[in-house]
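*Asks:* First to last, the protein sequences are chains R and U.
Following this note's numbering, the numbering of the first sequence begins with 1 at its first residue and continues without gaps.
Following this note's numbering, the numbering of the second sequence begins with 1 at its first residue and continues without gaps.
It should be emphasised that the hints constitute simulated quantities derived from the structure, not laboratory data.
Glycine residues also receive a C-beta, built at the ideal position from the N, C-alpha and C atoms.
No false leads were mixed into what you were given.
Each computed SDA-like pair below joins lysine to any residue, with the alpha-carbon atoms no more than 25 angstroms apart:
#1 LYS23/R to ARG313/R
#2 LYS46/U to SER238/R
#3 LYS46/U to ASP211/U
#4 LYS322/R to GLU16/U
#5 LYS76/U to GLU227/R
#6 LYS76/U to PHE241/R
#7 LYS201/U to GLN86/U
FRET-style restraints, in silico, Cβ to Cβ:
#8 GLU29/R to SER65/U: 28 to 38 angstroms
#9 GLY13/U to ASP230/R: 14 to 24 angstroms
#10 LEU263/R to ALA129/U: 47 to 57 angstroms
#11 ARG71/U to PHE24/R: 21 to 31 angstroms
#12 GLY166/U to HIS28/R: 35 to 45 angstroms
#13 HIS31/R to SER139/U: 34 to 44 angstroms
#14 ARG71/U to ARG45/R: 28 to 38 angstroms
Every beta carbon over 10 angstroms from chain U, so not counted as near; a handful from chain R, in silico:
#15 GLN84
#16 ARG197
#17 MET220
#18 LEU259
One-letter residues, chain by chain:
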Amino acid sequence: MNTSTELPHNETPAHAERHRPRKFASWHEHHGWSAGASLRRLMSRPLGTLLTVAVMGLALALPLAFYLLLGNVQKMGDALGQNQTVSAFLKSGQTGSAAELIATKLRDRADVAAVAVKTPQQGLDELAKMQGFGGALHALDDNPLPYVLDVLPKPGLAANEVEQLVTDLRAIQGIDLVQDSGTWRQRLDALLGVGKRTAMVLAALLTLAALLVVGNTIRMDISSRSEEIDVLMLVGASRAFVRRPYLYAGIWYGLFSGLLAALLAVLVELALAEPVSRLGSAYEGRLQIGGLPLWLLIAVPFAAAVLGWLGARLVSAWQLRKAA
Amino acid sequence: MIRFEQVSKRYEGGHEALSQLSFHVAPGEMAFVTGHSGAGKSTLLKLLGLIERPSHGLIALDGQSLAKVGRAGIPKLRRRIGMVFQDHRLLMDRTVYANVELPLVIGGIAPAERGRRARAALEKVGLLAYERQLPASLSAGERQRVGIARAIVAKPTLLIADEPTGNLDPQLAVEIMELFAEFQQVGTTVLIASHDLPLIKRMKKRVVVLDHGRLVADIAAQEVL
Numbered sequence: 001m002n003t004s005t006e007l008p009h010n011e012t013p014a015h016a017e018r019h020r021p022r023k024f025a026s027w028h029e030h031h032g033w034s035a036g037a038s039l040r041r042l043m044s045r046p047l048g049t050l051l052t053v054a055v056m057g058l059a060l061a062l063p064l065a066f067y068l069l070l071g072n073v074q075k076m077g078d079a080l081g082q083n084q085t086v087s088a089f090l091k092s093g094q095t096g097s098a099a100e101l102i103a104t105k106l107r108d109r110a111d112v113a114a115v116a117v118k119t120p121q122q123g124l125d126e127l128a129k130m131q132g133f134g135g136a137l138h139a140l141d142d143n144p145l146p147y148v149l150d151v152l153p154k155p156g157l158a159a160n161e162v163e164q165l166v167t168d169l170r171a172i173q174g175i176d177l178v179q180d181s182g183t184w185r186q187r188l189d190a191l192l193g194v195g196k197r198t199a200m201v202l203a204a205l206l207t208l209a210a211l212l213v214v215g216n217t218i219r220m221d222i223s224s225r226s227e228e229i230d231v232l233m234l235v236g237a238s239r240a241f242v243r244r245p246y247l248y249a250g251i252w253y254g255l256f257s258g259l260l261a262a263l264l265a266v267l268v269e270l271a272l273a274e275p276v277s278r279l280g281s282a283y284e285g286r287l288q289i290g291g292l293p294l295w296l297l298i299a300v301p302f303a304a305a306v307l308g309w310l311g312a313r314l315v316s317a318w319q320l321r322k323a324a
Numbered sequence: 001m002i003r004f005e006q007v008s009k010r011y012e013g014g015h016e017a018l019s020q021l022s023f024h025v026a027p028g029e030m031a032f033v034t035g036h037s038g039a040g041k042s043t044l045l046k047l048l049g050l051i052e053r054p055s056h057g058l059i060a061l062d063g064q065s066l067a068k069v070g071r072a073g074i075p076k077l078r079r080r081i082g083m084v085f086q087d088h089r090l091l092m093d094r095t096v097y098a099n100v101e102l103p104l105v106i107g108g109i110a111p112a113e114r115g116r117r118a119r120a121a122l123e124k125v126g127l128l129a130y131e132r133q134l135p136a137s138l139s140a141g142e143r144q145r146v147g148i149a150r151a152i153v154a155k156p157t158l159l160i161a162d163e164p165t166g167n168l169d170p171q172l173a174v175e176i177m178e179l180f181a182e183f184q185q186v187g188t189t190v191l192i193a194s195h196d197l198p199l200i201k202r203m204k205k206r207v208v209v210l211d212h213g214r215l216v217a218d219i220a221a222q223e224v225l
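Turn these sequences into a full structure, and let the hints steer you where they fit.
*Replies:* Structure follows, in structure tokens:
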């Protein structure tokens, strides 16, 4: 053993030297070290890391897939419900002037956006354009169709307001039949409401599951390194110092699983793109089906990183309290 | 430096490890705590390192009562104490250098200064050439010297060691003890728990003898035969 070396004891004790600027620099330095060391630790056991990330990623991807599905069903409903008119068939024998009179009165209503008067001839022409009806119409001696009023309710009307309009139309003298195809929309809205609530509950449960997965992984990591933690604490490490690498591990797990979830959601979107495009074509382009917004795809990995940090924070605080 | 006043420690289950223990160690003094297994040597050191808290009595370090050190203050206090363990407690997946550097990293010392001090500490214990090796490749005596280098690198005012030569052959044990004596000579207070009486006699330092948690003898250095 060398006794000629300068003895470290001749200098100022280390604890007395630590002043504020250096304290920040060392804090910053330790964050960098913790981020790198935790990443290397994750990479050193690829299978375990992959499984954890996969479970978390799938748990986070499911709510995203639901969000995508429900959003598109909503859009479909909106597109198909657009310009959804209420058709009022006038009694046979009603004249064009009578039809115009009723239309003028309806146009004055606050809940009506527009009224179009369709003559019997226009009705016949529409029928003639439809496949299979041409021959049958030629066989008719005269036009049996009545005047029809296409009443467009004001956009944004509630279902009960549309229902009131339909009731009022039925009460008008001269109107024989009112056809309201909005009922299916009401049902769709109700179903979407159930779907959205289910998706929210599912998202909350799956987020909790992801939190538990990362928490349990960090718990096992801390347990397997209890000796190292003991040593660190015995040589004067604070709990924050000991905890930091585990918090970064939680952040990495979250970030990677968030990226995986976003990737899976994009893959689901791509898988649906072709059949949805065909569906859109069938509706003459009226269906504009959308994907997940870019902001959401970017936000998911960051939100998942926060989730990972939270799981690691909760578990490490508990575990290290036991260790202390 | 160290003051114990009527200190008792009773563990859960009722076992009394220390009973009404009073003694003090002056700054820069080196003392051995000895006694049979279960005499309370390790408990005494655990109380100093705040690994355990006393059931009764007062323990003061540099005039500061340890009872007033809260949970948040424990790391700061431990940075003032260098601890050496029988089982050396090294981090086996880190190099010798990284193990020695650890207290300086925790203490927030700048990297360049860390390097200088860690190497000086390693040179002091004669292991500078091993700085890049893992502890697993070292002998028991070398590992213990790494543990000592780690304990002194942050220049603690107090060095405590629990059976530091327990696993070593007699020649190595003497070398380790002489190393502790050198640290005392430069002003560090040293308190060593050991049951190796021949070695303690050879060092000719103050000896505090415990039996069943009670102080039964306090022999001054000049009285050690």
